Amino acid sequence: MQQLLNGIFIGSIYALFAIGFTLVFGILDQLNLAHPAVFAVAAFVGIELVEVAGLSIWVALPIVLLVGALLGVLIEWVAFRPLRGRPDAHFAGLISSIALGGIFIALLQARYGPDTRRFPADSFPDERYTIAGAQVTLLQVAILVISIVLMVVLTLLVRRSRLGRGMRAIAENPTAATVLGINVSRIRTSTFALSSALGAVAGALFAMNVNSAQLGMGSAIELKGLAVIIVGGMGSLSGALVGGLALGLAEVFAVQYVGSSWRDMVAFGLLFLILLVRPQGLFGARRVREV
Amino acid sequence: MRKSLTTLALVSTAALALAACGGGTSEGDATASSSGGASSAAGGGGTGDDCTLSDPVKVGAALSLTGAAGSYGTSQKKGLELAAEDLKAKKGVTYDLKIEDDATDPKQGITVFEGFVDNGTNVIIGPTLSNTAFQAQPIAQEGKTPVLAISNTATGITAQGDYIFRDSLTEAQVIPQTIAKAKEKYSLKKVVVMYSQDDAFTKSGFEVIEGALKKEGVENAKTLSFSKADTDFRALLTEAKGLNPDAIVVSGLIEAAIPLVTQARELGITAPIIGGNGFNNPRLMKDAGAAAEGVVVGAAWNSASSNEENTKFMADFKAKNGAGPDQFAAQAYTGMLLIDHAVRAKCSAERDDIKAGLGAIKDLKTPLGTISINKDRDAEHDAVVQVVKDGAFTVLK
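Chains as they are written, first to last, in the working numbering: chain A, 34 to 324; chain B, 279 to 675.
Just to be clear, a hint being listed does not mean it is correct.
[Said to hold, decoys possible] Only part of the chain A face toward chain B is listed, based on derived beta-carbon distances under 10 Å: (1) Leu-38; (2) Thr-149; (3) Arg-161; (4) Glu-284; (5) Val-285; (6) Gly-292; (7) Arg-296.
In case anyone wonders, no lab produced these hints; they're calculated from the structure. Every value quoted in this text rests on a predicted model; they were computed, and no experiment measured them. C-beta atoms are modelled at their ideal positions from N, C-alpha and C, and glycine is treated no differently.
Here chain A stands alone, though its shape is the one from the complex (with noise of 0.2 Å):
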């Protein structure tokens, strides 16, 4: 029971920074390398408004949502918009998007150097239930809880709202698109701000879920990031929802029933046997509509 609830809190964090991701290659076919970066710069910044603003967690965490869309935003200007129109927009894209976060995490380095950081002890109440023989934060059911809202308010937007209306077209055809009259400039920002957003809340959330931030807090989740979108069906939202937990119980159950060492090649071994079987992903619709 407690192994579960770790993996789905594990698992929800995935989810909330593989979505981020996910919705910018479904809806514009490009991989934002940048998104790790986004991740970690946003556990710092998290951490800098606690700590030294002395703001509260409940504060913080919006601020940390405007600050990710910034940088989003920030990330299509610099390293996508110039090349756009390219022959090889999509590659040049992936590599100038890496430089981007590189820069940022030079940054962040030459701001707060190599040491670890992490949300002051008092700055979350410090509440424990005990669910079914289990251990539960109140910090844990909060994060849970701060994800499914944030994942559902991200498929009502793009399921219901304008701007999700303008998202859908581009993605099924940008030229269409901008022949309907639909400002794809525009929404391609939007869509990056809402990324990065999302990338930049999922990790304040992961800093203060292990009481720790590092500067490659972003590569080491990177990898995981990009085999959930993968297994979930590249693009699509409830498939980085559903991938995301079931790497999170993976990894669990592989300490649990494989042994410690082999956690790593246990959870993705799996997500490769589901690439096998299923290539287009759990819930890859093979390219018929994405988002």
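Fit chain B to the known structure of chain A by using the hints.
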């Protein structure tokens, strides 16, 4: 482009030539000082406390003042500087202490060591990290210059050559004492061992833990490994909790220690957590808060040690630096005391005489306790087993 390349080539040739000249002259110096003889300034009159040397003894320290280990190196620097001042009061022998930064980079450590060996430095202190030591020490060994390691705890440091000594206790010395003490205190029967498997330092710590447990007759119910980049230990800890151990013994770095301890307490694990050297860091209490209470850590030094030398060291350090010392400063300070003892033993600053002097140290009273250098050129003294109580390391009695 072609022109700039030519210029570059010219400039670098010139630089090489200059460097070669520099190397040549200083090598000359080194031979002069190490060939010694009656006329050499390195020898002097008297022995022990009466020893007088006309020229200062050249001590070169390679410390990590910047980079990842910067905080350790800075602390060591303060310890060395204080020791040099205190030793001045002893009269007869003065020390010309030169501290260079290795920037936590083995390559720079090598350069600094080469500089010391070539410019006739009598004895080298450092470097801060074992990692750098393994790469830089062979240069001193080859140049027959004694090295005193003041913070390295990895196995094999002194095995690199007969000119390499150390005053820092190894994990292999501290962990068995910690486990023996903890067993006595908490009557341990069954423990779970956790370690990070992808780090040489913590892996060797794990091997020592296993040996010590076997020797003490404590059962290791399960070994759980993690990676040094891991920050989420809940799955492992849940597994450990299920086995209901009397204690959890961990070999990991401070980066892992803090989340591990926090998450263990979150999951309701109340058994003591016994850590290796990586846990011996005030950040444990600062960052893990109340969760750190009851963590047991073995150490080479504790500020609460009440021997006379330590009391004096604590007071002097506080007076000079405003804040209290840590273990790195204490080991650095002690390092200078050992060197002083070695120099005075034969009343000579010759490299080979210092080497012989260091090797002969027996029952010397220092802030770390009573130190002897064993045949492997490692220091031996009692470890202090500490437990976190009210947010501070206190001696476990």
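Outcome of the hint check:
no., hint, verdict
1, Leu-38, "holds, 9 Å"
2, Thr-149, "holds, 5 Å"
3, Arg-161, "holds, 7 Å"
4, Glu-284, "holds, 7 Å"
5, Val-285, "holds, 4 Å"
6, Gly-292, "holds, 8 Å"
7, Arg-296, "holds, 8 Å"
Of the numbered hints listed earlier, not one is contradicted by the structure.
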